[in-house]
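Enquirer: The hints should help you fit chain B onto chain A, whose structure is shown.
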Amino acid sequence: MAPKDFIPADDALIRRLRSGDEEAFATLYREHQAEIYRFALHMSGSHTMAEEVTQEAFLALMRDPERFDPLRGPILAYLFGIARNHVRRAMERDRRMQPLSADQELDNFPAPSSSEAEADRSDLTERIERVRKAVLSLPATYREVVVLCDLQQRSYARAAEQLDCPVGTVRSRLNRARALLMAKLSGTALSRESSERNGARVPAGAQRIREGGRA
Amino acid sequence: MNCNEFRESAREILHPESAPVDSVREGLAHTLVCEDCAAYLMAERALDAQLSELAAVYSEVQAPTHVEPLLMAAYRNRLKEDRPKRVGRAFVVAHWRWLATAACAAVAAIVIFVVLHHRSAVITARSVAPYSSHATPRSASTGAAVLVSDNSSAPATDASWADGFVALPDSATGDSLEGGAILRIEMPASALASLGLPTMGVQGDQMIPADVVVGQDGTLRAIRLATD
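For the record, the sequence lines run as chains A and B.
Using this note's numbering, read the first sequence as starting at 1 and increasing by one per residue.
Using this note's numbering, read the second sequence as starting at 1001 and increasing by one per residue.
Calculated from the structure, these hints are not laboratory results.
This one's a predicted model, so the numbers in the text were calculated from it and none came from an experiment.
Just so you know, not all the hints are guaranteed correct.
As the list claims (entries may be wrong) - To be clear about the criterion: a stretch of chain B counts as covered by chain A if any three or more of its residues have a C-beta under 8 Å from a C-beta of chain A, and this derived list gives those stretches: (1) 1035–1047; (2) 1052–1058; (3) 1069–1080.
Glycine included, every Cβ here is placed at the ideal spot set by N, Cα and C.
Looking at chain A on its own, in the form it has when it is part of the complex:
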């Protein structure tokens, strides 16, 4: 029986990859690199580690494509599994790892043209930094469900598939994680402004960050 989210195109690509088709590998990379990279970035807070993890995930697929079993899940779940293990290992190796500061990222963006824009940017930066730090401070098991379900908009079922655990576990971990986040962000964090920004509207400052994400 085909698993959920089974993508026949991926299956064909994997078959081609196994027979040594370079273009198949390139296609798989282009399709899935962003998801893996963002997951690793949210989990680690480090672009360097996210890059390393992305490379490791695809190198593992390259080295031994036979290990991927399409009947056990889609290729993305397989890559997530590898990325997840690498992130955890790397984090255990370096417990002092600190997230990249938002200021470092914003250094690359054009300076605001007015004081209003500057204030907007500063406010956004502060808010994002606070939330990101709160996410990064969560225990890994809680952080990964927040990253998958809240930051990468996975359904419970897909997150469960990628984390290789029951849906109920994802749900309960997510509730616990969100309670922890609320506790961390309570006070100034959940400000009136944030409530007003309910939804996915991207403020101007955030839009600049998005545009500069890929160098």
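Expert: Just chain B now, with coordinates in the frame of chain A:
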């Protein structure tokens, strides 16, 4: 729905696509009668907004562009290294049925060869008649056929090897000659008489060729004068 149940499903109230409609409706109804849970829902909503902002900032972020060429170069190197293995493996995968059949046939042929060889050896061994001093040399023909000799290039069933043999007076009787040997020797003519053979007017010190049958125990069993 009580407060604990409400808090467990608060996120689903904000994301109704991930929860049953009834559950969402019950949750919302609960907020009308419980101020704490209403506040909790507001906090959840604010958290959702914060997380959405964070997600939006990173929604287009991708791996740096230099990663792809690095991986592709690694992939090409890997392909070069693996080409022979990959071709071999692909051949095995594609033709495994034929390869398995060929392997089975080879094993079967070896088994049949070994069995037949063993059987013929057993049959030949069983066909060796006990060589007795009372038997005429001809009666030992089958037995002599399996004896190893320096003339073993002759066919094993050639009865001529047994022609003209005379059993020696002191040889053991009734013993099988299986495993014995025929040896070409030279002996003084004077010894012929002691073996019960005619001297045929040959001088006593003249050496004459003869074939002797040596039993497995190393004793002489029969003799004949070599004619060639």
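Enquirer: Next step is simple, just say for each hint if it's right about the structure.
Expert: Going through the hints against the structure:
Evaluation of the coverage hint for the region 1035–1047 of chain B: fulfilled, as 6 residues show C-beta separations to chain A shorter than 8 Å, against a requirement of three. As drawn, the region 1052–1058 of chain B meets chain A at 7 residues by the rule of a beta-carbon pair under 8 Å; at three or more, the given contact holds. Under a criterion of three residues with beta carbons nearer than 8 Å to beta carbons of chain A, the stated coverage of the region 1069–1080 of chain B is upheld, 8 such residues being counted.
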